[in-house]
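These protein sequence lines map, in sequence, to chains A and B.
Straight run, no breaks: the first sequence in our numbering ends on number 150.
Straight run, no breaks: the second sequence in our numbering ends on number 300.
Just so you know, these hints were derived from the structure itself, not from any lab.
One or more hints might be untrue.
Straight-line Cα separation of at most 25 Å, SDA-like style, residue types lysine to any residue; simulated pairs [unchecked claim]:
| id | chain 1 | residue 1 | chain 2 | residue 2 |
| --- | --- | --- | --- | --- |
| 1 | B | K197 | A | M144 |
| 2 | B | K224 | A | S49 |
| 3 | B | K273 | A | K14 |
| 4 | A | K123 | A | I4 |
| 5 | A | K92 | B | K198 |
| 6 | B | K197 | A | V50 |
| 7 | B | K197 | A | F2 |
| 8 | B | K153 | B | P267 |
| 9 | B | K153 | B | R290 |
| 10 | A | K21 | B | K198 |
| 11 | A | K74 | B | F167 |
| 12 | A | K123 | B | V200 |
| 13 | A | K147 | B | S199 |
| 14 | B | K183 | B | K273 |
| 15 | B | K297 | A | V50 |
| 16 | B | K242 | A | K21 |
| 17 | A | K14 | A | T107 |
| 18 | A | K47 | B | N292 |
2 protein chains.
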Amino acid sequence: MFKIFYEDLVIGQKETFGSYKVTREEVIDFASKYDPQPFHLDDEAAKKSVFGALCASGWHTSAMMMRMMVDHMKDKGIAGLGSPGLDGVEWKKPVFPGDILSVEGETTAKRDSASRPNIGLVKSTYTVRNQKGETVMIMRGNAMMAKRPK
Amino acid sequence: MFKIFYEDLVIGQKETFGSYKVTREEVIDFASKYDPQPFHLDDEAAKKSVFGALCASGWHTSAMMMRMMVDHMKDKGIAGLGSPGLDGVEWKKPVFPGDILSVEGETTAKRDSASRPNIGLVKSTYTVRNQKGETVMIMRGNAMMAKRPK
């Protein structure tokens, strides 16, 4: 099932993928469960906030990005084995209901795992944009990838 | 409603809060929507993964942490105005169904906003632990906070 392994990734290579329609219902559902701050739940409170209108939790934007990343990995057969963490996240602009998000991923660094000979570690930068081409989020992430079976 | 403003935060001050029971149903529900990788959905696939058993998406752990943070902010009346991003996340150990998570937050830096005189910017480190006291996640975050009204 895996087709693209650690060895296949090229530094500087970019890929664009995903098309995620942000709905008001989902923004409020996610925020109700995980980030019940007024500007993610209530139109009037959001108008008075720094965001200006009801907008998605940054963690919800991150989760929507992840869904696009996993769908892309499955489509391409990318041998992802999970992530030990992130080097940084910037939530650059609010994400509003009605926005359509997509992702650009760029491989920025790779190295062999010191402890696991069949695994490599990859650094990538993911830029999430809305339908106007505005960058709403940048995430610099780390991932474990399987090496090609010998 | 706000009681604790930017001026009240002290560098090095720590607070522990939250008690979030991780359920199998919620792990699978979150993963189905946002991170449908086999080790977050399927017991057999998870056993063969680096995690050893079905575990929560790191983004789900982040979301559960955020819920504890927002509940804590509301309890204490902390004047949080949202976040421009994170300086880093480490997912240190897998989070399993049945785990009970809590958070320790420490204020690490603060400065006035250059552009908004009524806002301050705060850096904090959040350590998420399970019921055994094991650190499962560390997040270094940035937040906007309201200054005390004059």
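Now for the hints, and whether the structure bears them out:
no. : hint               : result
1   : B:K197 with A:M144 : 17 Å, holds
2   : B:K224 with A:S49  : 16 Å, holds
3   : B:K273 with A:K14  : 32 Å, violated
4   : A:K123 with A:I4   : 16 Å, holds
5   : A:K92 with B:K198  : 38 Å, violated
6   : B:K197 with A:V50  : 45 Å, violated
7   : B:K197 with A:F2   : 18 Å, holds
8   : B:K153 with B:P267 : 19 Å, holds
9   : B:K153 with B:R290 : 24 Å, holds
10  : A:K21 with B:K198  : 34 Å, violated
11  : A:K74 with B:F167  : 38 Å, violated
12  : A:K123 with B:V200 : 19 Å, holds
13  : A:K147 with B:S199 : 14 Å, holds
14  : B:K183 with B:K273 : 30 Å, violated
15  : B:K297 with A:V50  : 14 Å, holds
16  : B:K242 with A:K21  : 32 Å, violated
17  : A:K14 with A:T107  : 7 Å, holds
18  : A:K47 with B:N292  : 22 Å, holds
Of the numbered hints listed earlier, those contradicted by the structure are 3, 5, 6, 10, 11, 14, 16.
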